[in-house]
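Just so you know, the sequences run in chain order W and P. Be aware that the first sequence starts at 164, since it is given in my numbering, and climbs by one per residue. Be aware that the second sequence starts at 11, since it is given in my numbering, and climbs by one per residue.
Derived from the structure by calculation, the hints contain no laboratory data. Because the structure is a prediction, the values reported are computed rather than measured. Some hints here could point you the wrong way.
Stated by the list, open to error - Here are the simulated distance ranges between beta carbons:
(1) W:517 <-> P:36: 48 to 58 Å
(2) W:599 <-> P:133: 43 to 53 Å
(3) P:140 <-> W:517: 45 to 55 Å
(4) P:229 <-> W:167: 47 to 57 Å
(5) W:635 <-> P:19: 24 to 34 Å
(6) W:592 <-> P:151: 53 to 63 Å
(7) W:575 <-> P:128: 41 to 51 Å
(8) W:494 <-> P:128: 46 to 56 Å
(9) W:167 <-> P:11: 32 to 42 Å
(10) P:232 <-> W:167: 47 to 57 Å
(11) P:36 <-> W:635: 19 to 29 Å
(12) W:594 <-> P:133: 56 to 66 Å
(13) P:72 <-> W:171: 39 to 49 Å
In this text, a Cβ means the ideal position worked out from N, Cα and C, and glycines have one as well.
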Amino acid sequence: MKFDETSRITVSNLWRTKLRTVLTTLGVVIGIGALVAMVSFGTGMQKNITGMFETNDLFTSMQALPSKINMDEVMHGNMESLQKQDNKNVPPLDDRAMGRIRILPGVDVVYPEISFPVKIRYRGQESRTLAKGLPVEMGRYKPYSAIPYGRFFKADDEKSIILNPFLLRNLKIRLLEPGNAKKLSLEDSLRGLRSLPPDSLLGKEVELVTSVVDVSSLIQNPMFTFGLGRGVPVKETTTRLKIVGIDAGRGAFEGPYRDRGIQLPLITAQRVPQMGFSSVWDLLRSKGQQRGYASLYVRVKKMTHLDPVKKEIDKMGYGTLALADQLEEIKKGFVILDMALGAIGTIALVVAALGIINTMVMSILERTREIGIMKAIGGSENEIKTIFFIEAGIIGLLGGLFGLVLGWCVTRIANTVANFYVARQGGPHVDYFYIPPWLILGAVAFSILVSLLAGLYPAIRAARVNPVEALRHD
Amino acid sequence: MPPILIATDVHKQYEKGSVRINALQGVSLEVQHGEFLSIVGRSGSGKSTLLNLVGGLDTVSSGSIFIKKKDLARMKRSELALHRRKTVGMIFQSFNLISSRTARENVELAMAFGNVRRKERKKRAEALLASIGLSERMDHLPSELSGGEAQRVAIARALSNRPDILLADEPTGNLDSATSAEILELLSDLNRRQNVTVIMITHDKVSAQSVSHRILEFLDGRVIRETRTRRRA
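Same shape as in the complex, but just chain W (with noise of 0.2 Å):
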């Protein structure tokens, strides 16, 4: 019998049938649903942290440090590690390593790491904030690339800075953007926010407050300084740098409002007078260290020259930091939230295929006479069974199609609750589902697969079925 023909018996089998069908589908569906939602869940999650990595360039960056370090003592509160030198011959992290490191194959961006505490002033407000330098070939990555207002550095000694709306609001400034509401909110009036267009403060010069140790004061009183514990005595100064762009406030996945600092162009903040150290990973790992930078960004052309990069510069003797191998780890814990979810998702699934070969033996129980009957008239036990088959496998098409429009719906509204709550605390839109095309295409072949899987043994039960104890039945 061809194939058609025996497509056409089993679906006007199912249809004679129909309540049970309907059923003994809506099992499959509600498997599949689960499935769909629950591995597009973890996909979801996976896609926004992958995402953000690649926003943040963190596939295809890493640090360069003076010398090895081991992460696992760091993570164990090991600090000392930071300080041990493995190879006393290795030389500083200076402008000469620098050359050696843009010279390797795939390096795109190499640049000393400055970032240091400052205070920004305008119209009489005045913020603290981190200031960080950037090298004009920054401007071609994200998010240089496309800073929403104004524009990226053109020269590494202009006297600019790049803002951000974080900053902004403790200036008193609120940026009047598309997205925003014209009228100010209590809360902000309260505060004595203004509204500003954000190309207005472009072009504008702001004062960056910078601390230094006050070395007269020092000299002059060594025993007050240190002895009453008042700490170093620091002096201000103060640079002038023109406005040229305000950086997007915050990407998803991040804080609500978490200031992502201010950016100088790189010699510019070479040149602003500071103390040197920013943090205790800075004072931790100077220590011993003659020359040098404290650390090197390396900005590298494709994912694939990470690594390659990464080995050179630990054969120079220094050390490496990339968070993209923090990603592998994560990647793995990923893994193994997808199998969970998706276990929850089978055993929901491991239901609706019992249901189906229940539905099966019942309906072979039920057809013992007819399939007597076929087998009388000339029908082999390969085309009763594939009959049997085909109907396992329509019940597992019709379950996974109607279980992926399940799976998406319960996605969709997860997706508008989750968010409806999360926009209340403040926090940004964020997908948290993700149905892929794979998962489209394997919902269904999973489905229809395990469908025949539960298919197989009413199959050939109905195959073996003896037909003269057939027509005899009733």
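Given chain W's structure and the hints, the job is docking chain P onto it.
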């Protein structure tokens, strides 16, 4: 022409629970092309068992059945299916039509197993049903047909793949006498006009005599009497 069917020393045993039943105990017979053979005997005499063996629904315990020079005992299950599809057509006392399918669909199903094309199937089913006077009842379900009509549909189905032998297991057992006569007449007509070999099981020895060339009488799994009727081949 050699016989279409040669059965030699056929034995068939069943296990029914713990009881062993000897349904056939050394049956030997030959059936000629175009012959109308009737088998009579009491219930449990082994008539239906023999018909099931000839129909390829069951297999012999020992002995051999050759149909068109092929030994059924040596056939694989798939070959037996082919035998049921092409060589024999079976009709039963209880008609055995598929209740959810119309008269035409029942006839077509047998041809579908025989890999007859859809258009050809439809044409042949309609012609067959028309030839036995069921043009008006083609699209009726078996439950909407009378006993006689249902048996006619069963006969049309049995003939649809143009078999060599028609096996009829008490085809008139569930019918009133007038309808029985009609069915017997139809079978006799098919045998005479289309030269289809018919092996029929019946309780009714009298009617068997009017249509058959030969009558075998069974008792306890053996042939106890063979009678040639006046009808000549």
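Each hint tested on the structure:
1. W:517 <-> P:36: 48 to 58 Å: holds, 50 Å
2. W:599 <-> P:133: 43 to 53 Å: The hinted range 43 to 53 Å holds for residue 599 of chain W and residue 133 of chain P, with Cβ atoms some 51 Å apart.
3. P:140 <-> W:517: 45 to 55 Å: Since the Cβ atoms of residue 140 of chain P and residue 517 of chain W sit about 49 Å apart, the hinted range of 45 to 55 Å holds.
4. P:229 <-> W:167: 47 to 57 Å: holds, 50 Å
5. W:635 <-> P:19: 24 to 34 Å: The hint (24 to 34 Å, Cβ to Cβ) holds, given that residue 635 of chain W and residue 19 of chain P are roughly 27 Å apart.
6. W:592 <-> P:151: 53 to 63 Å: About 59 Å separates the Cβ atoms of residue 592 of chain W and residue 151 of chain P, which means 53 to 63 Å holds.
7. W:575 <-> P:128: 41 to 51 Å: Given range 41 to 51 Å: holds, Cβ gap about 44 Å.
8. W:494 <-> P:128: 46 to 56 Å: Given about 54 Å between the Cβ atoms, the range holds.
9. W:167 <-> P:11: 32 to 42 Å: Roughly 40 Å apart at Cβ, these two residues keep to the hinted range, so it holds.
10. P:232 <-> W:167: 47 to 57 Å: Holds: the Cβ-Cβ distance is about 49 Å, inside 47 to 57 Å.
11. P:36 <-> W:635: 19 to 29 Å: With a Cβ separation near 25 Å, residue 36 of chain P and residue 635 of chain W satisfy 19 to 29 Å, so the hint holds.
12. W:594 <-> P:133: 56 to 66 Å: Given range 56 to 66 Å: holds, Cβ gap about 59 Å.
13. P:72 <-> W:171: 39 to 49 Å: holds, 42 Å
No hint from the list above goes unmet by this structure.
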